[in-house]
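Order-wise, the sequence lines are chains A and B.
Per the working numbering, the first sequence runs over residues 1 to 243.
Per the working numbering, the second sequence runs over residues 1 to 243.
Hints may be right or wrong, so weigh each one.
Note that identical chains are pooled: a pair holds if it fits in a single copy or bridges any two copies.
[Claimed, not checked] Below, simulated SDA-like cross-link-like pairs (lysine to any residue); rule was C-alpha separation at most 25 Å, straight line:
1. Lys243 to Ser94
2. Lys239 to Asn142
3. Lys5 to His209
4. Lys193 to Asp24
5. Lys153 to Gly81
6. Lys239 to Asp227
7. Lys5 to Arg155
8. Lys110 to His18
9. Lys110 to Lys153
10. Lys110 to Asp21
11. Lys99 to Ile139
12. Lys110 to Lys121
13. Lys201 to Asn190
14. Lys77 to Cys135
15. Lys121 to Ser23
For the record, the hints were derived by calculation from the structure and aren't laboratory data.
From a predicted model like this one, the values you see are computed outputs, not experimental measurements.
There are 2 protein chains.
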Amino acid sequence: MDQTKLSLYTCLSPSLLHLYDISDSIVVIIDVLRATSTIATALHNGAKEVIPVSAVPECIRIGKEMCGITAGERDGKIADGLEYGNSPFEYPASFIAGKTLVLTTTNGTKLLHMAADNGAKQIITGSFPNISAVCDFLISANQPVMLACAAWKDRVNIEDTLFAGAVISRIKTHFSINCDASNLAETMYNDAKDNLYEFMKSKNASHYHRLSNYGLEEDIRYCLTNDNANVLCFYQDNKLVAK
Amino acid sequence: MDQTKLSLYTCLSPSLLHLYDISDSIVVIIDVLRATSTIATALHNGAKEVIPVSAVPECIRIGKEMCGITAGERDGKIADGLEYGNSPFEYPASFIAGKTLVLTTTNGTKLLHMAADNGAKQIITGSFPNISAVCDFLISANQPVMLACAAWKDRVNIEDTLFAGAVISRIKTHFSINCDASNLAETMYNDAKDNLYEFMKSKNASHYHRLSNYGLEEDIRYCLTNDNANVLCFYQDNKLVAK
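The task is simple: from the sequences and hints, build the whole structure.
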């Protein structure tokens with residue numbers, strides 16, 4: 001371990017975030033299926049901004065105020081009162097360019113607000129569709145890093161852990177990593193990297209199970225593919241914007 | 001997933017235990033380095049009972065009341081006011097047989113009391129030195145299982161996760177496992193199983209790092225070896241006893 005390098009930690013669940021001091025860190029919010037993948041896609045396709053909100057009524061209210069598109073699902077269906085869902089395929093440039101997307105998700109939004117409340121120095125969102133932008137930024141930023149997995153109702157999940165592992169495998173030589181969760185994530189990623197989709201399927205990952213029951217295999221494949229929406233998603237003034 | 005089988009879950013940190021209903025479950029407390037390894041060793045070597053306590057003053061008080069041996073470390077040294085440490089090698093049969101050991105540890109004891117407070121149906125402790133006894137019991141008991149890792153100050157650690165994975169690899173056909181943390185643990189164990197010690201070392205596992213700095217490599221090797229103290233450690237009436 002090189003003490004002269006900046007630290008990198010992985011937090012596998014929002015319920016563990018309080019264990020870490022993130023006041024000097026860039027926090028990467030990871031909600032692979034599908035919040036942060038959809039955020040990257042919308043911003044890459046020219047959305048003006050994405051406003052992440054926790055609850056459906058708030059989504060409706062802010063959607064009206066901002067003349068934005070309201071989106072969000074509950075139990076695999078568009079939530080009552082909202083217009084669109086959580087799939088990245090709903091946000092092509094022809095639809096979303098120049099618009100404000102007000103998106104309500106459960107796990108990812110909760111964690112993002114938690115990181116903001118805990119005083120994170122900077123917050124970005126990470127997903128396979130924008131993994132290179134995330135890694136390039138983390139290498140260049142010269143700040144400690146917290147890879148924060150949104151998990152599923154606070155239970156550790158495979159896909160967010162895999163993304164943390166993928167980032168670590170790319171950038172680890174730039175950081176000092178004294179964090180077993182990071183080792184664990186990278187070990188699993190190395191096992192899975194030849195075919196992330198088949199790995200998820202073979203492990204019967206709980207979220208794979210849920211989404212494939214909704215017929216969303218193509219969403220899963222997209223959300224496990226690198227760099228199809230390679231933009232940095234930066235959180236400032238309660239909004240995510242492309243940088 | 002076979003819905004007719006009983007469930008098995010893995011909880012990677014005490015901070016996640018509240019996410020699970022353990023009222024019908026056998027909870028396996030896992031604190032590989034070194035609490036649960038030392039507990040198995042003392043009971044295997046004939047200790048009458050092991051009383052796990054959280055704090056040093058309580059350890060001293062109960063030690064006096066029970067005419068027991070007081071043991072516990074803080075920062076790698078025997079805690080002030082106690083007689084012995086946390087190493088399994090301190091408890092050969094010639095010393096511990098017939099005696100009461102009052103043991104204070106931080107992570108493992110905290111989790112054990114948390115599981116008891118949360119209404120666990122049964123509590124046992126698990127470690128590589130007694131892995132076969134644990135697995136045999138879990139297979140025969142016909143109850144849901146929670147593999148509960150003590151972690152390190154609530155941060156996920158490699159060695160407890162490895163033990164959960166080792167148990168899962170042995171007993172998974174008897175259970176329905178819809179739990180990404182269990183898949184993660186088993187995946188890591190499969191990577192590590194040919195040489196757990198070298199895996200810990202190569203990953204620079206944080207606890208390996210701490211203990212090897214105290215010159216405790218032999219403790220680590222023992223605590224990663226199967227069945228040298230193959231006894232079931234059962235928690236009842238605030239004590240751990242051999243069954």
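Legend entry - Hints violated by the structure (listed by number, smallest first): Hints 4, 11 and 14 not satisfied by this model.
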